[in-house]
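Participant: Order-wise, the sequence lines are chains W and D. So in the working numbering, spot 149 of the first sequence is number 149, and the numbers just go up one at a time. So in the working numbering, spot 73 of the second sequence is number 73, and the numbers just go up one at a time.
No wet-lab data here; the hints were simulated from the structure. Where a beta carbon is used, it is the ideal one built from N, C-alpha and C, also for glycine. Treat the hints loosely; a few may be bogus.
Stated by the list, open to error - What the simulated footprint calls covered on chain D by chain W, stretch by stretch (three residues with Cβ under 8 Å from a Cβ of chain W suffice, anywhere in the stretch; the number is not a length):
1) 28-37
2) 106-114
3) 196-208
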Amino acid sequence: MTPTLRGRAVVVGAALALTLAGCGGGEEAPATSANSSGLEKTTIKVGVLPIPDPVSVYIANAKGFFKEEGLTVEPEIITGGAAAIPKIKNRELDISQTNYVSTFAAVAQGEKIKLVADMYQAGPNTFNIMVPKDSPIKTVAQLKGKTILVNNLNNVAQLAVETQLKVAGLTKDDVKFAEKPFPEMGNAINSGQAEAGWITEPFITANQSAFGFTKLADTMTGQTENLPIAGWMATDEWVQKYPKTLAAFQRAISKAQELASSDRKEIEKMIPTYTKIDAKTASVITLGTFPSELNVDRLQKVADLMAEYKYLSNPIDVSSVIVPAPTSG
Amino acid sequence: MNRARLTRGVIGAAGFLVAGEVFIRFVMSEDLLFPAPSAVFLEAVRLPADPDFVAGSLTTIANWGLGLLIAVAVAVPLGVLLGAVPPMERAVRPLVEFLRPIPSVAIIPLAILLIPSDQWMKVSVIVFASLWPILINTLYGMHDVDPLAKDSLRTFGFGELAVLRRVSLPNAAPFVATGVRIAAGIALVLAVSAELVAGGADGLGVYVVVAGSANRMDLIMAATVWAGVFGVLANIALLAGERRLFRWHALRTGAARS
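Pulled out of the complex, with its shape left as it was, chain D reads as follows (with noise of 0.2 Å):
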């Protein structure tokens, strides 16, 4: 990103959040009580001070990690395996096609009935939320493959295996990273969802909760100020590992103009 473009990106959050405080210290009905950005900012930087915050964000992050890493373990493997093989795609489609548009949110409930585990059902709900994406951006990596480039190699002789892992493999891969990346995101929503809904010995969402009871929306703001940072976080990190590894398809799909 240049310098320009991040300049032009400071400016515009700057800008919103003083639109944000002009309007909640002076539109906003008096009978309305929100804390303003000043009063959020303030105690999201007082907040690593407070052990209870400090512990339920590793516990929330450790979950979101574990979660997406299964998801990946699951998913990458099963998108490879129905993208090779065509009439398993087709007999398995339907049923992706079901539960993937299932909102994952709604799930907790039956997580929590159906798993003893306080933090194996949290993590469950993350990787059912991260599996879709990884399964279906994998599925379509595999299925964009340039027919020429495998019809080649099987003219000079080479197996389906070596045409998978010369050819498929590495045009699914970029498709793969961009499947992680999406997931991550929804892994995030779904770590504190669970907690908001389940409740747990700690987290993030279990901060939010217990600060819901004392009437701190300001902590609660606070925290989910740190939720977002978390996420852009990991965007950023998966993002430059992909800028990284995959440089070439960045290259070849024109998409290095970012």
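Next up, chain W with everything else stripped away, as it sits in the complex (with noise of 0.2 Å):
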């Protein structure tokens, strides 16, 4: 968290105080009654990883659009989508980020979770199958055989590089897949430990120019054109609870990914407060969209590919996983 944030945080906490002190009628005076949108819940904390998919939760913290609601959100740092289903279930994080391959997966082992918001959609080249600069692999067939880093295995990655296969007429069993970190990749390829990466941003950028990798396949293209990716979640427990602070982070979100939507320019000058990419990087890395409504037929897409290649073993019907903002006016 940035300081300027943190300090806005200790701000409104302090106002808030004051005015609860303010209203002295103990009991009968809950935290609900100190905002006037009436939210049961007025500072949530919300878990992202710091790339650039959770941008608008940043758009919209700098431009208001939180306030506007009378909520205050604190970002936190998460590592993984799937890492931060303990932290949603114990309460440690109101909302997290989430990618849906995770999410659909754990709903299918049990996991009593909604998907609240939509975050990001791949679009061309953000990920893709890259070799080493004098590859002899020329074409996705020649991948038999070979092994290929992802960086979780059995999610995504593996998914998307498995829809490829399937169009060179290979499948999984004709490779090895093998998980490594995406800082680490373009050494453990250059270093023979495999023949090539499933990279996205900022990493494809990083290593075409440190190390003249090319792409051999877009793995976003035919079954996964515009495949959704990330969205954020909630317990159902939660949703159920907080309807209306849900719908206010609903709505800032919402407003939030269409100025995302609308200007790269604000994508670029909020990627650097919270990452470690620098304006330079944040200008020339190829983006995904960032959808401003959770639409059941385009994450239905995903759930079928998933059944499709085995990574679920029953359909799941997305609209009973997901929670679409109230329609307003």
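Reassemble the complex: the two chains are provided individually, in unrelated frames, and hints are given to aid placement.
Facilitator: In structure tokens form, the structure reads like this:
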């Protein structure tokens, strides 16, 4: 969290405390009466990854969209969508970033989680299979028998690669997948640990400029074109308990997503404030899109792909997993 | 530490860094990317100007200190009690020997699930990890008491409590201090590891997670250097405290040679 954000949180917290003290009614003055919007909860903690995807939460904070709703949102760094599930379950976090594949897999295992807002959708060249400069591998079919690095096994990375293998007439059994964090993929491939890697930004740009890596395939084409990648999740219990807070969050996020979609400069301006990606890199990396509404049909595509490639043993009806924003006006 | 030793130490460290620099710049394949010591050093010097890093370091140090204090508050009385009452020690020892070897990092996911407060989750794993060296060293100190000294006191009609206070505790104190010093190193490892695994609002480990997501290996290494500096400073401070408090012990055991 930036000092200004923290400062703001402290100011808002102090103001809230003063307001409450001013009410003086003791138990008759619950926190909800302290704000005009009638929210059940005015300060929420949201889990985010330090990557471009959750930019709208920072835009909404900077532009005062949350404030307009009477909401204070404190972002907290998480280490992955799956790692955030225990944190929303034990209420350390109210809402968290997640990737849809992790969420649907968790829901299939019985986790009581709802998707509450969309965040990030793949665009062309946002998730590529990359090979080193002088690689003899020129087509996806030539990956047969080779090792491909993914950031997480059995997740969106592997699923996306499998859709491309299918086009080339291969299945996952024809290649080897190995797990490696994005920052280490370049060195690992160059030292011969693997022949290719599934890489996203800013690592696509970094590996291109440092090592001359080239794109073997864009994994977000064909079946995966415009694949929804990341969204916001909360537990069923949280959604039921804080409907107004959720609606306020959804409205502000949706507004920020619209702004992000309409003006890339807003994204570029914000990324260096919460990641260590500098302004120059932020201006050249390839970004996906930032949908402003949670769309059942688009998300169903992810669940259907997961069922097709056996990431789910039973199909999931996505409409039962999402809590769309209340229609305004 | 005398001047010659210090000089040799500095030469050793500098030689290592120069060798690393030469290796990374001239020997390592150009197809591999790793920041050279000079680049890491430059970033390490710049880090104190980064508010995220400063806030993160303070959070980590606070958790580290708090965890260590709680561990001392729990392990020392427990160690004294177990050391003073042998049947109790025999009853508890198997449990201790079972829990002690569990790699503390492995309990982090369990702690995330069980403890709803991020800070207390981190402090708890720090406490768990630092408990054992302090407890074991305290027990060791309690066992190491010269029986002749105890018997002498008893002969002069002192009660068990007086024996504990006048002989056992002073004898165990230097061992406790060593245990705390060992625990301090382990506690720092856990303070950072918990952040690496769990994330959080800020922290040294959180800073490393953020730097990693932006492909900034130089920042990761620079933050790691600072973690090392914090560890060394804590060790020096605790060692100095031990020397001052237990000068008699160092003289007795001949440890003064260092």
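Participant: Take the hints in turn and mark each one as holding or not.
Facilitator: Structure-based check of each hint:
1. 28-37: It holds, with 5 qualifying residues against the three required.
2. 106-114: holds (count 4)
3. 196-208: It holds, with 8 qualifying residues against the three required.
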